[in-house]
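Enquirer: Could you slot chain B onto chain A? The hints should help.
Chain order of the listed sequences is A and B. If you count the first sequence from 1, position 182 lands on 182 in my numbering, and the numbers rise without skipping. If you count the second sequence from 1, position 188 lands on 1188 in my numbering, and the numbers rise without skipping.
Heads up, none of these hints are tricks.
Cut-off 27 angstroms, straight-line C-alpha distance, at most; resulting in silico cross-link-like pairs (DSSO-like, lysine-lysine):
(1) A:Lys163 / B:Lys1101
(2) A:Lys429 / A:Lys387
(3) A:Lys533 / A:Lys451
(4) B:Lys1101 / A:Lys290
Simulated restraints on C-beta separations:
(5) A:Asp210 / B:Phe1017: 44 to 54 angstroms
(6) B:Gly1092 / A:Gly245: 45 to 55 angstroms
(7) B:Ser1147 / A:Ala346: 38 to 48 angstroms
(8) A:Asn134 / B:Leu1315: 51 to 61 angstroms
(9) B:Leu1315 / A:Gly508: 25 to 35 angstroms
(10) B:Phe1017 / A:Pro160: 37 to 47 angstroms
The following residues of chain B were derived to be distant from chain A, with all beta-carbon distances above 10 angstroms:
(11) Tyr1027
(12) Asn1093
(13) His1140
(14) Leu1159
(15) Ile1161
(16) Ala1225
(17) Thr1238
(18) Ser1317
(19) Leu1322
(20) Leu1326
Calculated directly from the structure, the hints in this document are not laboratory data. Even glycine gets a Cβ: it sits at the ideal position worked out from N, Cα and C.
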Amino acid sequence: MKKYLALLLALAMIFALCACGSTAAPATDAPKSEAPAAEAPKTEDAPKAEEAPAKPVKEDVIIGTSTEPNGDWAYGAFTSSINATDQDVITLTDDCVTVTSNEGGDYVINESVVKSYERSEDEDGNVTYTFEINEGLVFNNGDPITAENFLAWTLFVISPAGKEMGTVSAAYNQIPGGPDYKNGDVNYLAGIRLLGDYSFSFSMLATGYDGVNYLPYYYELANFGARAVNLDYWFGPGWHVADDGEGAYLVNDNGLEFTKDNVADYVTAAQYATSDRVTAGPYNLVNFDKAATEVTLEINPNYCGDFQGQKPAIKKIVIVRAEDETILDTIATGGIELYSGIADGAQVNALIDMIEGGEIDSDYCRYDRAGYGYFAFGCDLGPAQWKEFRQAVAMCLDRNEFANTFCAGWGGVVHGPYCTAFTMYKDSKEFLANNLNTYDYNPEGAAELLKSIGFVYNADGTDYVDGSGLVRYKEVTKEEAENYGDFCVEVDGKLLMSATLNWASSEGNSVSDLLSTMLANGEAAKQAGIELKQNIMSFPELLNYMYRQDAYGLGGDYSVPTYNMFNLATGWNSGAYDFSFEFTTNEDYILEGYNTTHCYDEELDRLSMEMVYGVEPGDYDTYLDMWQQFVVRYNDLLPQVPLYANIYVSVFPNSIVDYQEGPFWGFSRAILYADYAA
Amino acid sequence: MKKYLLKRILYLIIVFFVVSLMMYSIYNLIPSDPALVQMEPLRKTLKPDEWTRQYLELRSQLGLDQPLLIRYARWMGFMRDVDGTFSGLLQGNFGYSVSYKRPVVDIIGTPMQNTIILNFVSTILTLAITIPLGIYCAVHARSAGDSAIQAATVVGYSLPIFLISILFIYVFAVLLRWFPTGGAKTPGSTYTGTREFLDRMYYLALPVLVLVFAGLAGMTRTVRAAMMDTLSQDYIRTARAKGLREKVVIYSHAWRNALLPVSTSIMGWMISVFTGGSLVIENTFSLNGTGRLYWSGLNTTDYELVLAMQMFYTLVSLVGVLLTDLSYTLVDPRVRIDK
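If we strip away everything but chain A, and leave its shape as in the complex, we get:
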């Protein structure tokens, strides 16, 4: 046994020496504040700090991310929601697209790729976009990019082989010939045409095969975007796109069929590649280190430029996982140099203190969040079915104070379903100021609203006395009290419903905590006679109660309306503002989980649909008018109460300049415009 013990101790010594050995250099040689670990030389036989030149030119930027990269580069074809960091890497590596978005989030034609394009519309309203791309575009491996590269991905995703491999297709019902191609009845996709080496077209139906009206659609350009993919890399050697006049199809030089068996291995290898991806973006994927969850990218000299012709100057970027709890320490020690979108106000304040105090050699930029936090009502349940009640609840919360407290000064309040980054908002500031109810903190006003809809009783049926601090009751019908029996009492033959909100609150949520303090346990709600019953649950359970999942009997207990208040947040990735179906009054759709606020208002439904599906692309004035009507209607009906809209802060090193993020312009876009400081 002694022998084992000795062996054990020897091993321990070896590891101890290894661990201590490598720490010795940074601990003793490196200047403590000027040469943090992250800035250590990166070569195999790197000299120690004291032997190194005074300050080598640092070409890389280390970017922190709170979302761990999964390393799935299949453009979301196999998944419903692509990981945010994976998406950033795709943006940085695969930017040879026909349609992209600009700093304002608006969809635009990528003129570095598209030489010209033409939109045509037939008498049925079906639309075709014909693109001619620039000659001379190449992938990072030097392979030329031609029209077939822009068609291949759509042909793959909709194909029977793609379906068998698990691709998710949203477009096949809209594309002429889509279902026939998807089902394998034909081998070509009629709505996609290869017109020449550098020319191709995409068509979409006004009314899809599923009977849904897809066009006109205000943001239709987004649906006509295509990305260039290398066929050899993704599907194996010998694949091409051909077109015999009926539609584009995939064909192989060696006579292979486009089946799962023939392409799956290539697709999987490309999807999860850890290096040497064949792409056409500003950067190349040099390495995805799974063990360290780190992505290293280097500049692609073959890149044609973004939609404005911009090419990157920063030669190398490294994306690493950062922990929220230690993010400031990691920035302070140089472990991370650039971090996007810090939302926590306390962290932002500490960060700015560090910058202004000279503790770190960094700068920051700030921008409004493209989204907001809110609480939503279940507008068909209990007292929340009356808009005056919902308005009264809003008036019991000082939302400015809430936003200020929650965001520690780095946030504000919006009064409708929008963010301040939208062009529509910027063009409607005066209109919104004049037409929106800001629901200022006003407990007395809230009480008056409650009285106006009959909340004038105590639980025993006696008249309510203002300021008593008790919960108000209202006489209701059996229909009005449906599913809310726990909050109703019967007194002298009268059915009375209490002014109680049954709140589904997600666990471990700081918004819930503050709402509980400021609203549920606040003096205003008590003074007005409103009660909020907080029920803490996991977020998936909250979603189950919110969606109810009535359809097909899947909901179980969740299909019974139970809660009428939920706190959540929402956001936009682009400037496309599309609330279609979110306020639907179609009973089938509601059963399927749409219209989660259960606010059944024909006008709100009409506006949310027609705003995008009734306005021709480019007709901004009509769109703006409908948007304003929609926001005003929403503000009046108040199915949701916006609580806060953060101001995000991003930190970046002083070694780079011209770095500016925006609400729709994350680091993967902004880094292209940055350069090394002189």
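Expert: What follows is chain B alone, placed relative to chain A:
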């Protein structure tokens, strides 16, 4: 011995299946719909009818439209799956991660490797420190040194590990700049060979220190108690009476006999910590380990991933207990397990 071993393995198999049924049932009781989790982000992309069609299709593909016992039987590999094949746990299929969109077996390898390295290094270091400390404390029981060591080591035991981590990061990474705050390697480095190994060890150093600090008290006390018990035995008194040197008494007579309870503790401890990732450590130090993967699986309601890991831990624990029991015979020849 053979009979005993067969009996224990049979028990092990029974326990494994009972635990698997319990775990599967518990995770399926959690109010979450994996199909909904996958499909929810598509509500904005797909039109309602198409969304519903795909949602129901996915439910069917995942077998969610079947009763619990059938789902369990398929998951375990007792019944044919939706595709008509036996492809359950027994056939080596650890399931499919809905959040990573890959087979669990493809995901778990790298984190498991990281966790084993982290825990191996920290366990070895902990043992290297605690065994001598425990012996010292036992030999010098109730001395000032013993009291000081007891007090010092209990700090790591008493403080929550996340607090120790934050404190260590502040002291060793922020103030002293000896170590990085987290991560597994120098960002962007392309080191190879020894340089790569040293770089990885450098980044592991701080989390290892935290784990060692947190683990000092337990093993020190185990060793101390075992040694004190042994030192009070008559044969130790006899050894001393016959004039043996104190070192011989301690290391040849006392320590060998004290090893029996210590070794079994060490065996069980090592097996569990090698494979069971530290959720707090891995999250605080940005390490891609199994603890973090497990936590991520729970957060994303990726229950096939979580279940696979849970069953792996179950198996490791069961085998660990068996090995611990068997190790008694190695350490103490008086122990016979074939009776």
